[in-house]
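Engineer: Kindly generate the complete structure, drawing on both the sequences and the hints.
Residue numbers (full-length UniProt numbering), protein chains in the order written: chain A, 1 to 373; chain B, 1 to 373; chain C, 1 to 373; chain D, 1 to 373.
Please note that the accuracy of each hint is not assured.
Pairs involving identical chains hold if they fit within one copy or between any two copies, as the list cannot separate such chains.
[Said to hold, decoys possible] Straight-line Cα separation of at most 20 Å, SDA-like style, residue types lysine to any residue; simulated pairs:
no., residue 1, residue 2
1, 305, 202
2, 2, 13
3, 212, 238
4, 59, 34
5, 212, 117
6, 305, 280
7, 124, 96
8, 338, 219
9, 338, 122
10, 53, 36
11, 305, 95
12, 103, 313
13, 124, 346
14, 59, 113
15, 212, 81
16, 338, 30
17, 103, 353
18, 212, 151
19, 2, 333
20, 212, 268
21, 124, 334
22, 305, 68
23, 59, 139
24, 175, 95
25, 212, 152
26, 53, 38
27, 2, 49
28, 53, 108
29, 59, 36
30, 2, 56
Honestly, the hints are just simulated from the structure, not real lab data. Values in this document were obtained by computation on a predicted structure and should not be read as measured data.
Protein chains: 4
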Amino acid sequence: MKALGIGLIGTGYMGKCHALAWNNVSTVFGDVARPRLVHLAEANGELAVARAKEFGFAKATANWRDLLADPEVDVISVTTPNQFHAEMAIAALEAGKHVWCEKPMATDLGDAERMLAAQRASGKVAVMGYNYIQNPVMRHIRSLIDEGAIGTVNHVRIEMDEDFMADPQALFYWKSEASSGYGALDDFAVHPLSLLWSLFGHVEAVIASLAKPYADRPTKEGGRRAVENHDIASVLMRLPGGISGVLMANRSAWGRKGRIALQIYGSTGSILYDQERMNEFQLYKTDGRATEQGFSTILTAPHHKPYDRFVPAPGHGLGFNDLKVIECRELMAAIAGKPSRAIDFVDGLRIEKSVHAMARSHREQRWVEVGAG
Amino acid sequence: MKALGIGLIGTGYMGKCHALAWNNVSTVFGDVARPRLVHLAEANGELAVARAKEFGFAKATANWRDLLADPEVDVISVTTPNQFHAEMAIAALEAGKHVWCEKPMATDLGDAERMLAAQRASGKVAVMGYNYIQNPVMRHIRSLIDEGAIGTVNHVRIEMDEDFMADPQALFYWKSEASSGYGALDDFAVHPLSLLWSLFGHVEAVIASLAKPYADRPTKEGGRRAVENHDIASVLMRLPGGISGVLMANRSAWGRKGRIALQIYGSTGSILYDQERMNEFQLYKTDGRATEQGFSTILTAPHHKPYDRFVPAPGHGLGFNDLKVIECRELMAAIAGKPSRAIDFVDGLRIEKSVHAMARSHREQRWVEVGAG
Amino acid sequence: MKALGIGLIGTGYMGKCHALAWNNVSTVFGDVARPRLVHLAEANGELAVARAKEFGFAKATANWRDLLADPEVDVISVTTPNQFHAEMAIAALEAGKHVWCEKPMATDLGDAERMLAAQRASGKVAVMGYNYIQNPVMRHIRSLIDEGAIGTVNHVRIEMDEDFMADPQALFYWKSEASSGYGALDDFAVHPLSLLWSLFGHVEAVIASLAKPYADRPTKEGGRRAVENHDIASVLMRLPGGISGVLMANRSAWGRKGRIALQIYGSTGSILYDQERMNEFQLYKTDGRATEQGFSTILTAPHHKPYDRFVPAPGHGLGFNDLKVIECRELMAAIAGKPSRAIDFVDGLRIEKSVHAMARSHREQRWVEVGAG
Amino acid sequence: MKALGIGLIGTGYMGKCHALAWNNVSTVFGDVARPRLVHLAEANGELAVARAKEFGFAKATANWRDLLADPEVDVISVTTPNQFHAEMAIAALEAGKHVWCEKPMATDLGDAERMLAAQRASGKVAVMGYNYIQNPVMRHIRSLIDEGAIGTVNHVRIEMDEDFMADPQALFYWKSEASSGYGALDDFAVHPLSLLWSLFGHVEAVIASLAKPYADRPTKEGGRRAVENHDIASVLMRLPGGISGVLMANRSAWGRKGRIALQIYGSTGSILYDQERMNEFQLYKTDGRATEQGFSTILTAPHHKPYDRFVPAPGHGLGFNDLKVIECRELMAAIAGKPSRAIDFVDGLRIEKSVHAMARSHREQRWVEVGAG
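Structural biologist: Below, the structure is given as structure tokens:
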């Protein structure tokens with residue numbers, strides 16, 4: 001198999017994360033050709049050169065469109081701020097490149113729809129960066145559900161909480177502007193939705209209640225400015241198969257750092273998971289003797305694929321960046337025409353429609369069907 | 001202070017629990033006169049005699065109305081099935097007895113209102129059996145909130161889950177009949193509501209989604225019968241002071257045994273609690289250095305009053321029955337005209353109105369103001 | 001069965017705990033005659049009268065020997081400071097009373113041996129107050145081991161830690177005097193030894209290392225005084241059946257409040273327990289599929305006898321004082337000539353010999369056989 | 001700075017781990033020149049070629065001595081089975097290469113001493129692969145101790161437990177042969193010793209008790225063979241500064257997967273850590289109000305250096321392989337003549353002497369000073 005040539009746009013949080021994934025994927029998995037790190041784009045030209053050396057890219061540019069024209073580039077990682085995703089992804093697809101785009105697709109539903117149209121027109125692969133679904137724990141939970149280990153699932157609760165907006169003394173910044181999106185719904189709800197999708201399919205109907213813990217925040221000029229979106233979202237949901245659910249997201253939840261807590265209740269058992277302890281999950285089953293029934297805390301191990309590709313010993317732990325390596329492997333599988341567990345633009349769009357349905361349900365104080373979005 | 005004469009109706013789960021409380025309250029607290037255990041009523045006359053001996057009551061009867069006529073009886077514990085609460089409590093109040101009534105007040109809102117009217121007419125004390133609010137942990141959480149330890153509270157989540165209805169193979173029984181109430185709302189929601197009340201006051205508005213994990217259940221005759229109420233309730237709430245909240249109750253949650261999990265988010269910290277580990281709570285505060293901030297797991301200790309009345313050593317643990325002893329002490333304080341932390345019929349009625357508002361909000365698929373209930 | 005007449009010496013921590021047990025035992029268990037609370041002794045005469053009223057005792061005295069002469073008294077609870085145990089227990093036995101004596105037996109091995117001799121001469125029942133072995137969790141662990149649920153046990157670790165001696169600024173007091181005993185060994189090691197005995201039998205050989213975290217402590221006169229015993233004990237052990245073990249005790253362990261952490265490793269599984277979460281234990285078993293093996297956290301429930309006598313619902317929790325009620329029930333069983341799970345003077349003496357062997361092994365820096373003690 | 005040329009011997013568990021580290025170190029840290037992956041040696045020539053492609057090495061060989069002669073190679077990673085470490089490391093040093101050698105140094109103390117001599121003669125850098133000390137958690141714990149956050153440390157307990165030897169039905173294999181070493185002491189004790197060294201310095205004196213959970217094991221021929229070393233080690237220790245300690249290691253501890261549990265007790269607080277939850281630690285401090293004192297669970301975050309080099313968001317988690325990247329960075333710092341937190345051959349030798357002292361203390365049933373080893 002010919003090695004893929006990689007272009008990367010952006011060198012921030014996610015840019016570095018993609019760079020690590022491209023550097024590691026063949027060492028970790030062994031069954032994919034080692035990608036060629038061809039071209040790195042970063043608006044700051046000097047930084048582009050420096051990061052290219054660090055990340056191992058052969059060429060650097062301050063103009064991301066150079067990647068479109070580079071015949072050595074087969075795939076483009078889009079890791080820039082959200083407002084650039086649509087333009088870059090569409091251009092990349094139109095230039096005949098595969099696209100690996102960080103979530104969300106776009107800041108506007110119309111843009112997201114155009115991205116999907118571009119992908120369809122191009123025939124190229126487009127994968128979204130929803131890395132939490134790649135955790136071997138999540139994959140194993142899916143297989144447990146599929147085989148009926150907890151019977152028929154009937155109720156789900158999922159919470160995503162962090163505290164980066166929790167300080168009321170922190171200065172107003174763009175994340176509190178309406179133009180940046182709905183707040184917790186955009187920042188967080190998409191991740192739980194990606195996990196729910198990976199387990200059960202897309203949410204069908206919602207009613208949300210959005211809340212502002214702080215009506216206004218101080219500005220650096222010494223005044224105060226009204227907060228324009230909501231740091232807290234609480235959502236009742238209907239999921240496929242008659243599953244009832246609750247989705248909660250709070251980006252002002254003091255003490256929570258990377259919490260994505262999942263409770264899954266079935267007719268013969270239950271499953272619990274928390275991303276802050278991403279190398280374990282809890283399972284309650286009703287077979288066996290009642291006197292010893294309890295939630296088992298199960299540590300990930302080589303038999304929870306593809307943990308084995310990282311470490312041959314159980315309980316030694318993967319990290320956040322490792323999930324991106326798995327996602328990268330799934331992207332490469334998709335490009336090779338093989339089965340792939342990744343969220344493409346079809347599912348990515350549906351997730352964003354779900355978020356918009358949540359926002360509408362709050363505005364209109366009523367249940368909203370997502371399909372009608 | 002003259003010792004109170006006690007009458008007890010019922011000798012089941014809660015009857016025994018009240019008996020233990022009456023037996024223990026003076027030994028534990030030392031500052032109340034040891035109650036005289038006067039008269040025990042139990043429909044089964046032989047059982048009444050046996051239990052009276054075990055529990056230490058002087059007299060036994062199969063006719064609960066004998067307690068009304070007994071001049072030695074000052075207080076009556078009502079621990080019979082829910083449908084008898086109203087009749088017994090009203091009769092006891094009309095007979096000039098104080099009343100300690102297990103939750104809920106009644107199976108019908110009209111009855112509950114009549115109970116409150118009877119209490120007002122009698123001038124006697126009436127206290128509901130909401131023992132979870134008596135946990136020294138809950139009292140301490142309240143004092144932390146009052147003193148601003150976590151700033152201004154802005155968001156709350158509370159979950160109450162058990163699994164006694166989780167088995168779909170279990171035979172249909174009265175708990176799945178509509179006549180027994182709404183299901184999870186009646187069985188469970190009242191407890192979280194009592195805790196929320198003790199911390200923040202009564203819920204103001206709600207929208208609920210009720211769910212049936214199992215549409216029908218087997219009957220002992222070999223057929224199947226449709227389930228008439230809901231084992232799962234998910235509720236968005238508005239609480240006093242602009243606090244947004246979510247209340248979740250599930251009596252078919254495999255693996256949960258006595259879970260009442262509370263998350264309280266404030267502007268400078270957070271508090272977590274779970275009734276399954278009732279001797280501890282978790283506190284996150286933002287003072288001090290960021291590098292050492294985390295949720296502290298705090299074990300109850302003598303400085304968390306009135307834990308000290310039970311054990312002088314920290315971390316040694318109270319049990320479920322101990323909370324009833326504290327509740328008993330609060331009842332005795334109320335009877336003595338002293339300040340008391342207990343839920344009387346005024347607050348009890350409001351809690352039940354909140355439940356009815358939840359049920360209505362589900363039926364009508366809209367937000368309902370509780371005050372309008 | 002004629003009701004037992006109870007005498008109680010002491011009204012402190014353990015005196016109150018015994019009083020609660022005597023008050024509760026028939027209500028909780030139902031199968032024992034309600035004890036008659038006859039006579040309470042407390043050196044402070046006024047306090048004796050007050051506590052008798054609170055605790056429900058008919059008579060009060062400042063002279064504990066009055067209980068010996070009281071024909072209504074059948075059993076005497078000895079809950080005074082350790083140095084009085086021997087004199088009181090021996091006198092009670094000689095007066096023909098059964099004895100319920102708080103641990104340890106005595107401050108001197110010779111006294112303990114005299115206590116055993118007195119018990120044997122009297123033919124009466126004598127039971128030690130080792131309440132932790134009465135936890136339904138511990139009983140269930142024992143039954144799991146007996147039935148081979150974790151195969152053959154080969155290794156055990158047990159830690160008992162609190163922090164009441166952890167503050168180096170705290171004034172020197174009698175607990176740091178050599179005359180009070182060895183320190184952590186006396187205060188704590190006896191409890192782990194009682195648990196190990198209840199599971200495996202008596203320890204066979206030991207080598208200990210004792211440590212002083214603080215060489216001296218401030219005195220109230222403003223000087224400093226050398227600490228004469230050891231707050232920390234670390235012990236390697238050999239247990240019956242070739243089990244290797246480690247016992248650790250630390251009464252200056254900041255943050256530990258009532259920790260007794262037990263790890264039991266067997267050929268097909270493991271068991272974990274911590275007294276600070278006394279209503280749960282953890283079990284790892286190797287049957288079933290490897291991908292779901294993990295430690296199960298099992299909450300106590302009615303099927304873990306005799307939890308059911310306290311609460312009919314699972315996961316609702318017992319408290320420290322409830323364990324004393326169970327111990328009381330075991331004492332009454334022994335008096336009635338029935339099988340009883342309690343530590344009598346034979347086993348109590350052996351536990352104290354184990355402690356002395358530990359102290360000697362430290363002094364002589366060598367392994368010591370307990371049998372040779 | 002000229003980029004280092006890397007040679008790697010071995011492509012198993014640790015070979016792959018080193019390869020990932022060399023691939024990632026410049027992307028993660030940014031402040032070191034991206035290493036050139038020059039030459040990979042693997043006894044199986046075909047595998048060597050395949051792995052070189054996957055890992056990104058330019059050349060492959062079946063003869064590890066080719067790396068010695070390769071002028072492009074500056075550093076050699078030695079990741080082969082333990083019995084080859086001495087020969088390879090000494091040859092590499094003699095060829096003027098820096099060495100990164102997996103633990104332990106050698107299977108024989110004489111070999112380890114020769115390795116140190118070779119390092120000293122060469123003037124090159126030699127670093128051992130003790131990656132657990134590189135966890136940002138461990139670094140932060142060290143800084144907390146240094147600044148006196150928990151006062152003066154007086155007691156330490158450390159446990160390392162896994163279950164890969166726990167199954168008594170598993171066939172006898174080389175790990176149970178005496179020639180493979182002491183068992184748990186070699187496999188495990190070195191890791192806790194590395195952590196203790198990183199926090200307190202080297203252990204001073206020890207007395208160990210070694211145990212065999214299974215006297216013999218089945219052979220594939222259908223017979224049984226006696227186990228020649230010990231799967232369980234329990235050690236009392238004296239550490240610098242008068243700290244008393246206990247070290248426990250068990251490679252037959254069912255349910256433990258990668259446990260390294262550390263308890264550190266000081267005069268004003270305590271610290272807990274468990275490698276199975278490597279992204280968090282617990283801290284108990286005695287400042288502040290007693291009513292809120294408890295163990296805080298602190299999630300690693302960017303302020304716990306160098307976590308920030310991997311992820312800019314807190315609580316997102318590092319994995320086992322990330323620790324090797326940090327170790328690689330420390331090695332490169334040492335090569336550049338900068339301060340480095342790594343275990344060199346001096347400290348590595350002392351750790352192995354400690355293990356030998358433990359084994360002797362068991363044989364001779366007495367305390368052994370490590371310095372005298």
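Engineer: Going back to the hint list, which numbers does this structure go against?
Structural biologist: 1, 2, 5, 8, 11, 14, 15, 22, 23, 24 and 28
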